[in-house]
Amino acid sequence: MSVNPRLYPLLATIGIFCVAYAICWMQFPAMLSTRVVGNLLTDNAYLGIVAVGMTIVILSGGIDLSVGSVIAFSGVFIAVLLRDTALHPLVVFALLLGVTTAFGAAMGWIIHAFGVPAFIVTLAGMFLARGAAYMLTIDSVPIAHPFFEALQSAYWLMPGKGRLTLIAVVMLLAVAAGAVLAHRTRFGAGVFALGGGVQTARLMGVRVGATTVGIYAVSGFTAGLSGIVFSIYTGSGYPLATVGTELTAIAAVVIGGTILTGGAGYVAGTLFGVLIMGLIQTYIVFDGSLSSWWTKIVIGLLLLLFILLQKGLLRLTAARA
Amino acid sequence: MLLSVRSLSKSFPGTKALDDVDFTLRAGEVHALLGENGAGKSTLIKCLTGAYRRDAGEIVLDGAPISPASTSEAQALGIGTVYQEVNLLPNLTVAQNLTFGREPRRFGLVDGRAQRRMAQEMLSGYGLDIDVGRDLGTCSVAVRQIVAIARAVALSGKVLILDEPTASLDAAEVRLLFDVVRDLRAKGLGIVFVSHFLDQVFDLTDRVTVLRNGRRVATEVTADLDRLRLIEHMLGHELDAGKSDAPRDPAGADADTRTELLRFRELGRRGVVEPFDLTVHRGEVIGLAGLLGAGRTESAELMFGVRTPQTGRTTDAHGPVSHATPREAIAAGFGFAPEDRKTDGIVADLSVRENIVLALQARRGWTRPIPRAEQERLAADYIRRLDIRTSDAEKAVGDLSGGNQQKVVLARWLA
Ligand SMILES: Nc1ncnc2c1ncn2[C@@H]1O[C@H](COP(=O)(O)OP(=O)(O)OP(=O)(O)O)[C@@H](O)[C@H]1O
Ligand SMILES: [Mg+2]
Chain A
5 MSVNPRLYPL LATIGIFCVA YAICWMQFPA MLSTRVVGNL LTDNAYLGIV AVGMTIVILS
65 GGIDLSVGSV IAFSGVFIAV LLRDTALHPL VVFALLLGVT TAFGAAMGWI IHAFGVPAFI
125 VTLAGMFLAR GAAYMLTIDS VPIAHPFFEA LQSAYWLMPG KGRLTLIAVV MLLAVAAGAV
185 LAHRTRFGAG VFALGGGVQT ARLMGVRVGA TTVGIYAVSG FTAGLSGIVF SIYTGSGYPL
245 ATVGTELTAI AAVVIGGTIL TGGAGYVAGT LFGVLIMGLI QTYIVFDGSL SSWWTKIVIG
305 LLLLLFILLQ KGLLRLTAAR A
Chain B
592 MLLSVRSLSK SFPGTKALDD VDFTLRAGEV HALLGENGAG KSTLIKCLTG AYRRDAGEIV
652 LDGAPISPAS TSEAQALGIG TVYQEVNLLP NLTVAQNLTF GREPRRFGLV DGRAQRRMAQ
712 EMLSGYGLDI DVGRDLGTCS VAVRQIVAIA RAVALSGKVL ILDEPTASLD AAEVRLLFDV
772 VRDLRAKGLG IVFVSHFLDQ VFDLTDRVTV LRNGRRVATE VTADLDRLRL IEHMLGHELD
832 AGKSDAPRDP AGADADTRTE LLRFRELGRR GVVEPFDLTV HRGEVIGLAG LLGAGRTESA
892 ELMFGVRTPQ TGRTTDAHGP VSHATPREAI AAGFGFAPED RKTDGIVADL SVRENIVLAL
952 QARRGWTRPI PRAEQERLAA DYIRRLDIRT SDAEKAVGDL SGGNQQKVVL ARWLA
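Quick note, the sequences are listed as chains A and B, same order.
The numbering of the first sequence is the numbering used here, which starts it at 5 and goes up by one.
The numbering of the second sequence is the numbering used here, which starts it at 592 and goes up by one.
Note that these hints are calculated values from the structure, not bench results.
Certain hints may be false.
[Said to hold, decoys possible] Label pairs and their in silico Cβ distance ranges:
| no. | chain 1 | residue 1 | chain 2 | residue 2 | range |
| --- | --- | --- | --- | --- | --- |
| 1 | A | Pro163 | B | Asp722 | 41 to 47 Å |
| 2 | A | Leu312 | B | Phe603 | 41 to 47 Å |
| 3 | B | Phe793 | A | Ala110 | 53 to 59 Å |
| 4 | B | Asp613 | A | Gly213 | 51 to 57 Å |
All residues carry an ideal CB built from backbone N, CA and C; glycine is no exception.
Using the sequences and the accompanying hints, generate a full structural model.
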């Protein structure tokens, strides 16, 4: 049975993850415990969620630079509202998701209606959301609410005493939902079509405007959801948080095998991209003597490796075809 | 009347592409739309299908006025179209392209297996034996063309529009397509057919409408029309019947007596083309014939260094010629008009002038820019000699009609 060449980058990502995990395990046998796995998922939950939206944006040939700021805004929004009002956290979450989704949709509309590159529009969105976070507060605001604390301590016990936390589950669900949306719906087909070429997509009957608005709305939604998860994870809202997370998310997407110019990739790959990055971090923690800057260096190298790998695979498939 | 268009007008900056055009299509007829490059055929089609918004005029389908604002709206009305630039997505599979917008769903989700089955059914009858799970980008232009046609046929409940569908098909494929078209005609569809091959027009169509410079000059029954009159309609002046048939080069007919220009020996690349020999003589035009997938395109690409040959040597009168990359091939005086104009041939955002001088500039090296006046002279010269229809030399190539874009690609290598 032959494997579709389109799957190569995804398989390569999964392969690298397995090899990396095996190396870690040989050095630190403790790494093969459900505790480590649970932590890996929990620590990277917010990144995984935001990376799902980013994958869909990148698949369509776009980019969303605003998400890091939106996560920070979300944390501050939740913290301030819970401090200053009597609203239930679930109501606050719903309000927040409404705001961030509308924010994303508005960016999508500007991108489509005025033909402005997504890079510029979302760059403006990045400053806007960061500024809005500062307007709410300039300090780190702790979140103290009984329901919130319940969310923070919610987990399922896995065999081997590992904890599958609520936010890890939310992340896995987000990945699954993102995968279905991208690969199994007509909206998803439109996303891939846009990534293949906007003019062509239009002639094939894609409603370019509605799809573009939808894509950035999804990204706004996942950024908001990621903000909720991040606030649960840290227990506070801070306007200076998650600076540069948009770039980390883009790196995860690319390491996950999605092509930066759009039109090809898998949401599931992004999960592995996130996990590979998390794994490097875990390794450094286990090692203890390495500086955490090594994470950045290894991620940089991995990113380079992946882009080269993608090029190589493309050439290979071109030669075989 | 199935479809009638009244007083349709459409302008682009600097051009009136359609000027007060009337057009009618009956159910059960194949209606040819003819005209020189740039006459406005594709523009008329794009106004019908909602790809362009018309400036003025009226379109009536089945008695009801329509105004499709998007191609999806036109598709929903039962108008299926193959555009001149084969418009499908190379990054999706054949099945995804065929079923795009009408994917079979189960519980609201796209059902991959049913999708492939549906795609296979759509392709049956075109004699195409390919895996519908393949990426379209890995298929040849002819296969893409057939896929585009199959898609349009499936979408056309009432009207099927084919804008130069035969440009990259061979004779057998054209016959197949015509059978399909005749079948649809018998079912009562209205079919609009654009082609520059007059034989095909006489073979297939019932009526002919001729456009010239954005105006309708004639609509006639094909059977009542003779070839000469048709061409006169298209050109707008009378034709000297004898002139065009005269052999151009009565002396140099025999290849052996000509001087040899270039000799390819054992040129090949593993998995692409088996080694082949080819000798080119001065003043000679060589046709590369073969079936789909025989390696015609690939052979040409080897010769121009688009794919680097792994075996073989090439010599001219002065010794070995190296053409491992397009850059080297250009330096050796080769030119290349690729199969897929849109992605490989033109730089759509550059002007006609810039596209024409591109190869010449590459040969001279970037340190010796061609003076602007010289560029303008060259551009004007080729626009005149190849009769490129453009409002001026500074127009972006992407805004020219399909045929005129092709002429710009040619002009680049002639310059
Ligand atoms: N998007 C556009 N912007 C500006 N001008 C355009 C555009 N599309 C077409 N035109 C102009 O409109 C005129 C008619 O073009 P059209 O594509 O309809 O010609 P055509 O009859 O299809 O020619 P061909 O046989 O070469 O395909 C041409 O002069 C062309 O330059
Ligand atoms: Mg045309």
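Could you tell me which of the hints above the structure violates, numbers in ascending order?
4
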